[in-house]
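Trainee: Sequence:
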Amino acid sequence: MKAKFILFALVFVLTSCNKNEVYDEFNRDFTDNRWESKDVKSFEFENMQSEGVCELKLHFGHISGFQFKEVPLEVEITSPDGKVETLSVVMKLIDESGNDIGDCSGDICDVFQTIKTFDTLEKGKYKISIKSKFDGPYLPNALGVGILIERKK
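For the sequence shown, the residue numbers in the numbering used here are 126 to 278.
The hints are simulated quantities; they were obtained by calculation from the structure and are not laboratory data.
It is possible that part of the hints are untrue.
To be verified - If you anchor each label on the Cβ, the simulated ranges turn out as follows:
{"id": "1", "residue 1": "P205", "residue 2": "D232", "range": "38 to 46 Å"}
{"id": "2", "residue 1": "Q174", "residue 2": "E221", "range": "38 to 46 Å"}
{"id": "3", "residue 1": "D220", "residue 2": "E247", "range": "29 to 37 Å"}
{"id": "4", "residue 1": "N158", "residue 2": "K258", "range": "12 to 20 Å"}
{"id": "5", "residue 1": "G223", "residue 2": "N152", "range": "26 to 34 Å"}
{"id": "6", "residue 1": "S213", "residue 2": "D149", "range": "18 to 26 Å"}
{"id": "7", "residue 1": "T245", "residue 2": "E169", "range": "30 to 38 Å"}
{"id": "8", "residue 1": "E221", "residue 2": "E247", "range": "35 to 43 Å"}
{"id": "9", "residue 1": "G177", "residue 2": "E221", "range": "34 to 42 Å"}
{"id": "10", "residue 1": "G207", "residue 2": "T239", "range": "20 to 28 Å"}
{"id": "11", "residue 1": "K144", "residue 2": "D232", "range": "28 to 36 Å"}
{"id": "12", "residue 1": "N224", "residue 2": "K144", "range": "26 to 34 Å"}
Glycine included, each C-beta is placed from N, C-alpha and C at the ideal position.
Hey, can you work out the whole structure from these sequences and the hints?
Mentor: Now the structure itself:
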C-alpha cells in the first residue's frame, strides 16, 4: 500500500510540472457558486526574467451543463511600466451542438481561452483584473476564475 501511494505521488508530481508555465493562479472564492457583478478578481505576480513569446489564458471553472453559451468579461492588464490595457472578452463555454467546450470531470468543467499573446513578457510586476460583465446581479454556477501564462511552444 505504501509503495502504491509513493508511486501515485511521484506520477502526480511529474505530470503536474509544466516547464512552459510562467504563472498560474485560480480563484475559487465564489459564495454559493455565484460571481457577484461587483466582484473583481485580481491577480498580481512578478515576472523575474524577460521571456519570449507568451500566451495569457483565461481559466474559467463552471458547473457542467452551464445555461449560457458564453460569458462576457472585462480583463484589465497593468504592465510593469504602468500601462493599462483593457480587453473585452467573450468566454465561450458551450459549442454549437450544446456540448461543453471545456475539460469536464463529473459535474465540474474547466475552460481555457487564450486572450492575449505577448511578443515579449517583460521583467517586472503585473496585475491582471477580471470582471464579469454578465447582465444581472450575479453569474450563477461559476466555480472560479484564473489566469495561466505560458511560454509559447
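Trainee: The hint says 29 to 37 Å between D220 and E247; measuring C-beta to C-beta, is that right?
Mentor: At 36 Å between Cβs, range holds.
Trainee: Honestly, do S213 and D149 meet the 18 to 26 Å range at C-beta?
Mentor: holds, 23 Å
Trainee: Given a hinted range of 38 to 46 Å, is it respected by the beta-carbon distance of P205 and D232?
Mentor: holds, 40 Å
Trainee: Could you see if the CB distance from G223 to N152 stays within 26 to 34 Å?
Mentor: holds, 28 Å
Trainee: Check the following: the C-beta atoms of K144 and D232 are separated by a distance inside 28 to 36 Å.
Mentor: holds, 32 Å
Trainee: Tell me if the beta carbons of T245 and E169 are separated by a distance inside 30 to 38 Å.
Mentor: violated, 20 Å
Trainee: Within 38 to 46 Å: is that where the Cβ-Cβ distance between Q174 and E221 falls?
Mentor: holds, 42 Å
Trainee: Just to be sure I understand the hint, the distance between the Cβ atoms of N224 and K144 should be within 26 to 34 Å; is that true here?
Mentor: The hinted range 26 to 34 Å holds for N224 and K144, with Cβ atoms some 31 Å apart.
Trainee: Given a hinted range of 35 to 43 Å, is it respected by the beta-carbon distance of E221 and E247?
Mentor: Between E221 and E247, where Cβ atoms are some 39 Å apart, the hint holds.
Trainee: CB of G177 to CB of E221, is that within 34 to 42 Å?
Mentor: Hint holds: Cβ distance 35 Å, inside 34 to 42 Å.
Trainee: For G207 and T239, compare the CB-CB distance with the range 20 to 28 Å and indicate the outcome.
Mentor: Holds, at about 24 Å.
Trainee: Determine whether the Cβ-Cβ distance between N158 and K258 falls within the hinted range of 12 to 20 Å.
Mentor: holds, 18 Å
Hint 7 alone, counting from the list given before, is not met by this structure.
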